[in-house]
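A.B. asks: Here is what each chain is made of, one letter per residue.
Protein chains: 6
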Amino acid sequence: MPRHDGRRADQLRQLRFSLGYASAADGSVLVEWGGTIVLCTASVAPDVPTWLAGKGRGWVTAEYNMLPGSTRPRKARRADGRSTEIQRLIGRSLRAGIDLGALGERTITVDCDVLRADGGTRTASITGGWIALAAALRSIRDEQGQAVFPAPLRRPLADPIAAVSVGIVAGDAVLDLDYPEDSTAAVDMNVVATGAGELVEVVGGGEGATFTKAQLDAMLDLALAATAELAARQREVLA
Amino acid sequence: MPRHDGRRADQLRQLRFSLGYASAADGSVLVEWGGTIVLCTASVAPDVPTWLAGKGRGWVTAEYNMLPGSTRPRKARRADGRSTEIQRLIGRSLRAGIDLGALGERTITVDCDVLRADGGTRTASITGGWIALAAALRSIRDEQGQAVFPAPLRRPLADPIAAVSVGIVAGDAVLDLDYPEDSTAAVDMNVVATGAGELVEVVGGGEGATFTKAQLDAMLDLALAATAELAARQREVLA
Amino acid sequence: MPRHDGRRADQLRQLRFSLGYASAADGSVLVEWGGTIVLCTASVAPDVPTWLAGKGRGWVTAEYNMLPGSTRPRKARRADGRSTEIQRLIGRSLRAGIDLGALGERTITVDCDVLRADGGTRTASITGGWIALAAALRSIRDEQGQAVFPAPLRRPLADPIAAVSVGIVAGDAVLDLDYPEDSTAAVDMNVVATGAGELVEVVGGGEGATFTKAQLDAMLDLALAATAELAARQREVLA
Amino acid sequence: MPRHDGRRADQLRQLRFSLGYASAADGSVLVEWGGTIVLCTASVAPDVPTWLAGKGRGWVTAEYNMLPGSTRPRKARRADGRSTEIQRLIGRSLRAGIDLGALGERTITVDCDVLRADGGTRTASITGGWIALAAALRSIRDEQGQAVFPAPLRRPLADPIAAVSVGIVAGDAVLDLDYPEDSTAAVDMNVVATGAGELVEVVGGGEGATFTKAQLDAMLDLALAATAELAARQREVLA
Amino acid sequence: MPRHDGRRADQLRQLRFSLGYASAADGSVLVEWGGTIVLCTASVAPDVPTWLAGKGRGWVTAEYNMLPGSTRPRKARRADGRSTEIQRLIGRSLRAGIDLGALGERTITVDCDVLRADGGTRTASITGGWIALAAALRSIRDEQGQAVFPAPLRRPLADPIAAVSVGIVAGDAVLDLDYPEDSTAAVDMNVVATGAGELVEVVGGGEGATFTKAQLDAMLDLALAATAELAARQREVLA
Amino acid sequence: MPRHDGRRADQLRQLRFSLGYASAADGSVLVEWGGTIVLCTASVAPDVPTWLAGKGRGWVTAEYNMLPGSTRPRKARRADGRSTEIQRLIGRSLRAGIDLGALGERTITVDCDVLRADGGTRTASITGGWIALAAALRSIRDEQGQAVFPAPLRRPLADPIAAVSVGIVAGDAVLDLDYPEDSTAAVDMNVVATGAGELVEVVGGGEGATFTKAQLDAMLDLALAATAELAARQREVLA
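Protein chains in written order, with our numbering: chain L, 21 to 259; chain E, 21 to 259; chain R, 21 to 259; chain Y, 21 to 259; chain Z, 21 to 259; chain H, 21 to 259.
Pulled out of the complex, with its shape left as it was, chain L reads as follows:
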């Protein structure tokens, strides 16, 4: 069945990364992904949470927020469970790509603020968040004033952390759902993977629907092809 916007089942939406958009932050990127716009910034602080103090290791955490006017009706400016769930996923995903020991006693906070919401805000946040994080790492210098990047990145810069959504719409597995598809999908899943194709997080299910192992396999195939493509774009932006 053709998709409402003419895309193939395995086709990503248009994607643009504007590196350094929020110039006060240590790293930043404005992600325009189809109709979705997310501003990702990464800020480095020279300390760590209390529970981690004195261990010589760093921390990466994330915050996710939709601006009130990013959706209709207006979203009130209060903490909600959905945002909490999403920011925990972003944080875990980004920590999978960094060596917290090599980071030293620093905390990097990655803020993902949704300016316009048209589906896929959490995967845009992870994918853009990794770019902001990598950009922020470039700003860190050791006591001799030497740049410490890319030491804390666990893998070569060529191997980013990327994320994409997949789902079952009208019975078929499709990639990168926009808002109209997301609202009607029976199953909605987010897949986070490395550029090399290893899985980082698989998170999904359905409100009031179930799915088979075969459907899960079809969704994962779509996702892993797309995260490889996204990783290439992430490397390109930072080059």
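Derived from the structure by calculation, the hints contain no laboratory data. Do not rely on the hints blindly, as some may be mistaken.
As the list claims (entries may be wrong) - Straight-line alpha carbon distances no greater than 20 Å define the calculated EDC-like cross-link-like pairs of lysine to aspartate or glutamate that follow: (1) E:K233 - L:D179; (2) E:K233 - E:D192; (3) H:K233 - Z:D241.
A quick note: this is a predicted structure, and the numbers were derived from the prediction, not measured.
Chains E, R, Y, Z and H: place on chain L using the hints.
C.D. replies: Chains E, R, Y, Z and H in isolation, oriented as in the chain L frame:
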């Protein structure tokens, strides 16, 4: 490699359900699952959240909480992101097994309070939560005083919603991790499924580790065998 | 006038203490007191509140909470004035039985979570809280690894802190009110005393009713006989 | 033993009531009681809390607060457990003196704000709160514009609700403790009574001390003599 | 004295308005004003706050927020007094330009989120907020489906509400301070005016400095010339 | 047009300062200003906020609060934006009159609690707050036990910080609006100035009205004459 408590890789811990433990609630069960104890209660209220009012449909929501003395060191009594994330998973899972239209304008709140935490508290909450929910449905009567149960259950009572954890420990896929295993697992995943073996939610990943599609398949095989066994136990308790 | 459950005016309900129920906590007891079930845990932390720091003394504090499904209708999980008032009473009562100077710079938090509410939850919390506290003291060791128990207990272990409710129901003083009695009592009073019969706290009154000095005397007589009996049970459990 | 300010054991401090001090409120009184100053206001609202709606009855509630500069060191402006406990006591005490059915569907909120704290702020709040409440009742008119006062007062205006503190200081029972006495008292008790000498609330105990039934009797004797005197003063102010 | 960026004392920074940036909102504009970027959105809701219900009038309110990465060091996502003060100024200013009676029972919320902060965020918020508000009014239709715009605008669209900052830097009155100037200014003032040159709000002063009436006059002259220029730009964008 | 209470356009209301009213605070004054009563207290703490630590400088901050019974209908005891805005104005104004370097590492908190509100509460708070602040400075002693007052006062004690409200009522500029005038004023402005006539803060505007430069000038003339008079009263009280 043998497990620290002598179990096989595909073996569940000891399990006991005490139905009706909190007799003031409409439905309740005390779940003792290995060293973990969770009290699940389900309370029926004759209204729905504002956003659902007037649509003739009901709602099921969940709250998850660890008692301060359930773990060491003591857990402070404040809302945290982990609890929010878990209670959203419990709510979505339980809603997959119920016909909210047949429920009528009622809200059922399923409370899962952890009395002792030794791994698998979220899967004990979902599995026990479904029992409490089913028990509470029995207490609902229509205007003629007729029991409306089991109409809201989407499937025959013989087909519950059950959940189990799986993970990669020392390179191997294992079932139903206790706390010592959970602390050392490279990957930790929760699988929610129906008694008939359809998937409801697949949620997991690793802090600082990645996994392959083959490892995911091995974990799912273990999980689906166990949820079938759990569903049999759930039916038995309610019989 | 006979009581609705056949008890005499001076008769306690059935009582069972399960020591060590929440094994992760330093001390714990599950209290089943008639239809009421309260889980009391005591957790030791190696520091004190800021206002007490550096004085070489310890602190004991209490938290009281009713689980949502412990009563009908469901009780929302939010802090309320009644819980605040009760936990302050529990804390003051337990501090009366312990030498905070001998405790050293440690804080013991006694958590009382009500699993099922059928009257007398605050007196069950104090009586069980003292058991959990005494059990936790056994786990404290000094720098030489010697157990410091029972030094911080102000009196021999043979002299616990116990509490019981009394009230005026249908004009008569009665002991240990259950929920149906509590709802109809003109006056409701909680008496906390030592095993030796000294008063620790006397707290009570009526919503919209008054009482005479003679009625107060009758209630205190019932209470002091019962706290002596409860103290014997407390000693027995810890023996 | 003589008291530090030369009073007899059974002697109240100097007392002045300024009726109508906060003229925007329906009823108000500034209470100067020794060195303690409390402003009590009573405000009538034409509705009741949700849980009481539609029952044709009214409600009386109280709030207690210490202004930051009323004590040393400065008290931060945040809700604390002590205030919660005190305002519940004030509310219960005032409700004992009013017929909520005769009040109609109205809520009266009695606010007790401590301007200067020198001991006895809770008993000044109850005693002054009753005056503010009685004054506010005068402002209520029925649909025909007739004053409904004093119908809701359960007893003739000649029989107010008054409160006083008593304690054991240096082994002796004394009345109306000021701050220096309160800080060193072994036992501190608040007694609320009607002008006719019936008890409304008896609340007290010791931090780290115990007391005997005989000491309790001595304190109650002092208190009941004083509340009769206070009731005379309350009637006089309102005359 | 020349300004650090070469501007004349009476010269505005570069200014760009991108109308409709957040397309889900009823009205929106991205304001790039020198190095400052603010996203203003206006959302229409079909009701009014409780205190205004049933009076046939509408309401306009504003919220102001700096994104965490908009400044250095990162700004935590918590409500602060400065934001409260600023959003009240924005709301009052925008209400001065609209006929709330003609608006009908609707609430328009204007959200001003700062993406990059380089001075003048509050004046960019007011100036852009008026554009978003005007754009949102175009989306409102009456029961016959007729556009009700521009009825609620008190003045012809040709007369907007605009705002600009002025200050005393190194002894001289200057217009439109950027962050380096703002940090060193002795006096900092925000002037809100109509296109026709009437004053709406004058708000300002100094931290630890004072100023004369003559200096105030000089600042107001600069401001009123600039708000006329800004009003022309506002009209142009909406044409 | 004559004013409703017979005052001339340039006439202040009756004013009384009771120094030392709240004797536990380091400085305090009860301000009775027409029908408005505000209690101002100043408390000195021997430390500074974290962001100022170690710089050898002090801090002055203010809190503003209306007691629930100070107005009709009763004002709920919750933080609101208006209070936040006002307390920031008070804090900025008071800091303009003190040398924070000479204060040393101390924080002075000035609390302004409104007991009765009849217009002009914020200007009464600033004017009274300065008196409380000056009184508190007298209580500060250096390490040799010498009084450090008046070193931190930037100007001789003869030159206080005073504030007054002005507005446009029925087309005319008038001084010191009471509540009935304030409710009908087209423009409402607060002017803070030194005794010597320098401006500290000018803050004002209209809800739904505008004003001309000429009207602003007329208001400032009235205000500056009044603040000089107020400064004389402030000096007198402290003499």
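A.B. asks: None of the hints should be skipped; say for each whether it holds.
C.D. replies: Hints and how they fare:
1. E:K233 - L:D179: holds, 18 Å
2. E:K233 - E:D192: holds, 14 Å
3. H:K233 - Z:D241: It holds: about 10 Å lies between the C-alpha atoms, which stays within 20 Å.
Of the numbered hints given earlier, the model fails none.
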